[in-house]
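Chain order of the listed sequences is U, B, X and A.
Counting from 1, one number per residue, gives the positions in the first sequence under the UniProt record's numbering.
Counting from 1, one number per residue, gives the positions in the second sequence under the UniProt record's numbering.
Counting from 1, one number per residue, gives the positions in the third sequence under the UniProt record's numbering.
Counting from 1, one number per residue, gives the positions in the fourth sequence under the UniProt record's numbering.
No lab work stands behind these hints, which were simulated from the structure alone.
Worth double-checking, as some hints may not be accurate.
Calculated cross-link-like contacts (lysine to aspartate or glutamate; reagent style EDC-like; alpha-carbon spacing at most 20 Å) [said to hold, decoys possible]: (1) B:Lys117 to B:Glu90; (2) A:Lys122 to U:Glu38; (3) A:Lys66 to A:Asp102; (4) X:Lys122 to U:Glu140; (5) A:Lys23 to A:Glu40; (6) X:Lys66 to X:Asp4; (7) B:Lys117 to U:Asp139; (8) U:Lys117 to X:Asp4; (9) A:Lys52 to U:Asp47; (10) A:Lys52 to U:Glu38; (11) X:Lys66 to B:Glu82; (12) X:Lys52 to B:Glu38; (13) A:Lys66 to A:Asp54; (14) A:Lys66 to A:Asp97; (15) X:Lys66 to B:Asp47; (16) B:Lys117 to U:Glu140; (17) X:Lys52 to B:Asp47; (18) U:Lys117 to U:Glu90; (19) X:Lys122 to B:Glu38; (20) X:Lys23 to B:Glu90; (21) A:Lys23 to A:Glu184; (22) A:Lys122 to B:Glu140; (23) X:Lys52 to B:Asp39; (24) U:Lys117 to B:Glu140; (25) A:Lys52 to A:Asp102; (26) X:Lys66 to X:Asp115; (27) A:Lys66 to U:Asp58; (28) A:Lys66 to U:Asp47; (29) A:Lys23 to U:Asp39; (30) A:Lys52 to U:Asp39; (31) A:Lys66 to U:Glu82.
Listing some non-contacts, in silico: residues in chain A with all C-beta distances to chain U over 10 Å [to be verified]: (32) Lys23; (33) Asp35; (34) Leu53; (35) Val76; (36) Gly77; (37) Glu164.
The beta-carbon is built from N, C-alpha and C at its ideal position, and this holds for glycine as well.
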Amino acid sequence: MSVGIVLVSHSAQLAAGVLEVAQQMAPGVRIVAAGGMEDGGIGTSFDTITAAVQQADDGDGDGVVLLYDLGSGYLTTETAVEFLEPELGERVTIVDTPFVEGAVSAALTASFGADRKAVVSAALEARTANGPGGVRSVDEM
Amino acid sequence: MSVGIVLVSHSAQLAAGVLEVAQQMAPGVRIVAAGGMEDGGIGTSFDTITAAVQQADDGDGDGVVLLYDLGSGYLTTETAVEFLEPELGERVTIVDTPFVEGAVSAALTASFGADRKAVVSAALEARTANGPGGVRSVDEM
Amino acid sequence: MTCDAGTVVAAVRAAAAAAAEHKTELTRLDREIGDGDHGENLARGFTAVVAKLDASAPETPAAVLKLVATTLISTVGGASGPLYGTAFLRAATAIGDASELDGALVVTGLTAARDGVVARGKAEPGDKTMVDALTPAVQAAAAAADSGGDAAAVLSAAADAAAEGAEATTPLQARKGRASYLGERSIGHRDPGATSASLLLRAMADAAAGGGA
Amino acid sequence: MTCDAGTVVAAVRAAAAAAAEHKTELTRLDREIGDGDHGENLARGFTAVVAKLDASAPETPAAVLKLVATTLISTVGGASGPLYGTAFLRAATAIGDASELDGALVVTGLTAARDGVVARGKAEPGDKTMVDALTPAVQAAAAAADSGGDAAAVLSAAADAAAEGAEATTPLQARKGRASYLGERSIGHRDPGATSASLLLRAMADAAAGGGA
Ligand SMILES: Nc1ncnc2c1ncn2[C@@H]1O[C@H](COP(=O)(O)OP(=O)(O)O)[C@@H](O)[C@H]1O
Ligand SMILES: Nc1ncnc2c1ncn2[C@@H]1O[C@H](COP(=O)(O)OP(=O)(O)O)[C@@H](O)[C@H]1O
Ligand SMILES: [Mg+2]
Ligand SMILES: [Mg+2]
Ligand SMILES: [Mg+2]
Ligand SMILES: [Mg+2]
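Chain U with its partners taken away, still in its complex shape (with noise of 0.2 Å):
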């Protein structure tokens, strides 16, 4: 149907936070949060991501795109799609980009039936909050 989009934090609560928030733009997403350790616990599981990835796939070759909330995260991230099954391994990009940002493109995007490359495109695009306002440099303050 259309790209699964993984959410992967530190933190359960700021997984299911950006969860929520990019849900409501786009409502027939799969978009699964993977935050937290299994014990609740800051950090990341290996075991949390890899069954979000199952979960966010839908089986039709669409793919996943994964996100991450900081460089440590990366690790287990990437560790976790290596360990998958080569097949589903392969339609699945970790994209480097903002967390929030890129996921509400990704998943607004995704809501349009687009492809990986085109979510992935979009997550890349997200650069900041993106407000009327608020300042872009110093000189500005």
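Let chain U serve as the given structure and place chains B, X and A with the ligands on it in line with the hints.
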């Protein structure tokens, strides 16, 4: 003591999660979450933001840096800042930067006792999740 | 026919009724190009406004508008909260302590309201926002006042123009607000905020014409 | 003195004891230039490893290392989990189905482990990471094997070099991992991961020398 940080989000969970992650790296900093509406729903709350800024301000004149998660949150944030006592309002800066990444950088920088300008500058420089990997352009897919 | 504080209260109550009545429609529009909460946001805000009006009796038109402003800012929860809140607040400031509004003062208030929305949200006409309802509303209001219209007539002209402006947002591409995340996909959908602006103006105009019950 | 699966199990149990013993120290180091969890992370991981070893008896050195790898990857929760996990996994693959490790095979395993950490984390020597302990360890191990050292001697040489390498991270500026967020402020603090790498190697070397009880 140090610059305070307010995390304005449409989701209470999202703000609390970012606080959790940023606080872990910067335990001494006054970080206050202002997420969701007062009834717990998704949205931003003028009153919650106002209270958060007052709480984040240390009273020593170091001021407060506000980050918001999505453009529409800026509008409520700016309005709340305009309604503050001018004496407090003038030592507050709203920054347009990626929410999670900016928050971690801002919190860390504030933990070193940096001034508000340096904290804003650090927040603005935080641009991606910054892992040792993750695609940075669709050509890498 | 006078437009005193009581009339303004009646107009605001009518606006609240309109927000409640059109809640589902506004949310449906926002679901197409936003996050699907605009109807709920406004209904929540105006329910709170009515509760405040039930509990107090502001003595001037400006005091009524100020109460509306602060209540919407505190309760709406979406972009439209600070936007409408700023609109009502600027209108209140602009009309000063007048005890009655004539056509010219309504124009003054509406102009300040629109300018407040622009100052807050930085949208220009054509960006597919409530500004696209409010800007023609201000122009039509000014024309109606110039030809001697009273407060109700000016509001009515504003409401008509706002309805056309809202309608005309359909083919536009959004450049501000959440709908702008959709890029070209925002084309072909009517803007929820422009629509609510026209509905609120229509309700207030009708109430003002009714004499402020 | 042989280094069979039993010896490797003993070495891993010793590493687990070292992780528990140095938990507070490692966390303290990580609090200076990270998020203050490295000791807890490793202790959690190695506690799970010991539980797995209590419940099963892997038959080859590689099988032991593989069990350590998958357990650390699943339980550590921080960057060091996939890094150490990848290290143990690559070492297991590199030593193949050998039933005993001689000095040369230990070098093979250590080299693969270090290469795995580099492949995973993209850190170079001097980036103030565990690579700064592992790279000198590999070099010293190779030298010890060249001069005829057995498994225990090779591991001991590796541990000594790792300790020096960890010590030498203090003046470096971090360029990978969380400490890199600190920029110049990471200078003057010893890297937690380099420190844990040296402590784990020391514990394993001592256990291997003891003959694998
Ligand atoms: N920057 C802006 N300037 C003017 N109007 C805006 C702006 N951003 C959003 N709007 C208006 O607000 C409406 C959406 O309101 P609402 O759904 O209540 O808020 P949110 O987008 O936060 O959920 C849009 O349809 C648009 O008319
Ligand atoms: N990209 C990397 N390459 C090599 N080692 C790294 C890398 N990132 C982190 N490390 C090592 O991991 C250690 C931190 O581990 P730990 O505290 O368990 O993880 P986290 O930083 O996720 O909390 C660092 O001290 C460093 O030695
Ligand atoms: Mg909305
Ligand atoms: Mg909303
Ligand atoms: Mg750590
Ligand atoms: Mg950690």
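Hint check:
1. B:Lys117 to B:Glu90: Holds. B:Lys117 to B:Glu90 sits at ~13 Å (cutoff 20 Å).
2. A:Lys122 to U:Glu38: violated, 27 Å
3. A:Lys66 to A:Asp102: Since the Cα atoms of A:Lys66 and A:Asp102 sit roughly 19 Å apart, the hinted pair holds (cutoff 20 Å).
4. X:Lys122 to U:Glu140: holds, 16 Å
5. A:Lys23 to A:Glu40: Measuring from Cα to Cα gives roughly 6 Å; hence the hint holds.
6. X:Lys66 to X:Asp4: holds, 15 Å
7. B:Lys117 to U:Asp139: holds, 9 Å
8. U:Lys117 to X:Asp4: It is violated: about 60 Å lies between the C-alpha atoms, which goes past 20 Å.
9. A:Lys52 to U:Asp47: holds, 17 Å
10. A:Lys52 to U:Glu38: Holds, at roughly 18 Å.
11. X:Lys66 to B:Glu82: Satisfied, since the Cα-Cα distance of roughly 15 Å is no more than 20 Å.
12. X:Lys52 to B:Glu38: holds, 18 Å
13. A:Lys66 to A:Asp54: holds, 15 Å
14. A:Lys66 to A:Asp97: Given pair A:Lys66, A:Asp97 holds - Cα atoms ~12 Å apart, limit 20 Å.
15. X:Lys66 to B:Asp47: holds, 17 Å
16. B:Lys117 to U:Glu140: At roughly 10 Å apart (the allowed maximum being 20 Å), U:Glu140 and B:Lys117 satisfy the hint.
17. X:Lys52 to B:Asp47: holds, 17 Å
18. U:Lys117 to U:Glu90: holds, 13 Å
19. X:Lys122 to B:Glu38: This hinted pair is violated, its Cα atoms lying about 27 Å apart.
20. X:Lys23 to B:Glu90: Judged against 20 Å, a Cα distance of about 38 Å means the pair is violated.
21. A:Lys23 to A:Glu184: With a Cα-Cα distance of about 26 Å, the restraint between A:Lys23 and A:Glu184 is violated, given a limit of 20 Å.
22. A:Lys122 to B:Glu140: At roughly 16 Å apart (the allowed maximum being 20 Å), B:Glu140 and A:Lys122 satisfy the hint.
23. X:Lys52 to B:Asp39: holds, 18 Å
24. U:Lys117 to B:Glu140: holds, 10 Å
25. A:Lys52 to A:Asp102: violated, 26 Å
26. X:Lys66 to X:Asp115: Holds, because 16 Å separates the two Cα atoms, which is no more than 20 Å.
27. A:Lys66 to U:Asp58: violated, 31 Å
28. A:Lys66 to U:Asp47: Measuring from Cα to Cα gives roughly 17 Å; hence the hint holds.
29. A:Lys23 to U:Asp39: holds, 19 Å
30. A:Lys52 to U:Asp39: Distance of about 18 Å is within 20 Å: holds.
31. A:Lys66 to U:Glu82: With Cα atoms ~15 Å apart, A:Lys66 and U:Glu82 stay inside 20 Å; holds.
32. Lys23: Check passes; 15 Å lies beyond 10 Å.
33. Asp35: Label violated. Min Cβ-Cβ 8 Å, cutoff 10 Å.
34. Leu53: holds, 19 Å
35. Val76: violated, 8 Å
36. Gly77: violated, 3 Å
37. Glu164: holds, 26 Å
Hint compliance for this structure: hints 2, 8, 19, 20, 21, 25, 27, 33, 35 and 36 are not met, and every other hint is.
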